[in-house]
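First to last, the protein sequences are chains A, B and C.
FYI, the numbering for the first sequence is 1 to 140, going by the numbering used here.
FYI, the numbering for the second sequence is 1001 to 1140, going by the numbering used here.
FYI, the numbering for the third sequence is 2001 to 2140, going by the numbering used here.
Since the hints were made in silico from the structure, they are not lab data.
Some hints here could point you the wrong way.
[Unchecked claim] Which residues of chain B face chain A? A partial, calculated answer using Cβ under 8 Å:
1. V1006
2. D1063
3. T1098
Computed from a predicted model, the values in this text were never measured in an experiment.
In this text, a Cβ means the ideal position worked out from N, Cα and C, and glycines have one as well.
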Amino acid sequence: MLRQAVHRLQVRTRGAGLYDVTPELRGWVARQGIREGLVTVFIRHTSASLVVQENADPDVLADLAAFLRRVVPEGDPAYRHTTEGPDDMPAHIRSALTATQVSIPIVDGDLALGTWQAVYVFEHRAAFHVRELVLHLAGE
Amino acid sequence: MLRQAVHRLQVRTRGAGLYDVTPELRGWVARQGIREGLVTVFIRHTSASLVVQENADPDVLADLAAFLRRVVPEGDPAYRHTTEGPDDMPAHIRSALTATQVSIPIVDGDLALGTWQAVYVFEHRAAFHVRELVLHLAGE
Amino acid sequence: MLRQAVHRLQVRTRGAGLYDVTPELRGWVARQGIREGLVTVFIRHTSASLVVQENADPDVLADLAAFLRRVVPEGDPAYRHTTEGPDDMPAHIRSALTATQVSIPIVDGDLALGTWQAVYVFEHRAAFHVRELVLHLAGE
């Protein structure tokens, strides 16, 4: 019979960049004793986001972040929302272009990620933050 | 024991922009009597999309829409798909860059959105439309 | 009572472009005998992605792919990750801008897609690949 679990996970970010949360996600799922199901990761922010990306070459993450810095620049004179600092409005746009939520099937008791995949919190703001994720798992 | 519900929600859009559907979403979830679970919002269109964004300063939404108008312009001579009007092809691209679906955990009977988050239908076309969302909820 | 099923689906891609997987997805869902529920599609790669887009005019797909080739070009001298070929880093960025996962409600035994929607694997690499999707279905 299907059952479910929810969990809040806090992630401390130290400036803009990608933070791998796969170990925490994998650990929590393993402790629920679910062999098959679906885990959903939701980030409760709009200036940080989620992305599933390569876990091998850190240059991939650096290039992805650099791309977004270039295409969604800080200090664009077109921005009207400037009261929260020059990095806030680009953070909202970069979040909208990536993901707020990702769901991953569970097979044989583990996340069905590909060999080269990890789940990252994508921090888009310069200051240190505590970012909150909500995890939902359903399965059996 | 887990149970589920589905619902169709129509949203009337009056030109390009973001339309907050959080109240309708929250109201429907509340009426299902589910304390813990997962709600999924799916939009049945490819020239309008979904986005979770800030609910406080409307300039954030205006800047996000302006960014997409600039990066995905109307009337790009490279477009081959022009028969449905100059706003149609950019609408498809802007939809692909944002989201067609978002799932949000339910905790304590309410959407586990962050304080500053709302769920928006992102209309990318100029004409008035009736956009259809399908909501799915599973939980207990 | 809710039940679930999982399935692995392999998709052979023959160069960059969009590959419609709606028939395989629809067929597998139909064989599970679920009338109402939620199907999740997850792609186990970071240089190919998923997108829900128009199924009518193939020019829409061509224009979407051309847009991403222009905004996320090959051979950008800013890329540090170059060891896997000139098409690899843009493939990662294009994947991050589209989707790794999409969930679609099931209503009356079928995907609740809109009339003009299809689900595509978006191959961003030039070489032929076998891409693996994991499908998860829960419902009754």
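Right, here's what the structure says about each hint:
no. : hint  : result
1   : V1006 : violated, 16 Å
2   : D1063 : holds, 5 Å
3   : T1098 : holds, 6 Å
Violated hints amount to a single one, hint 1; each of the other numbered hints is respected by the structure.
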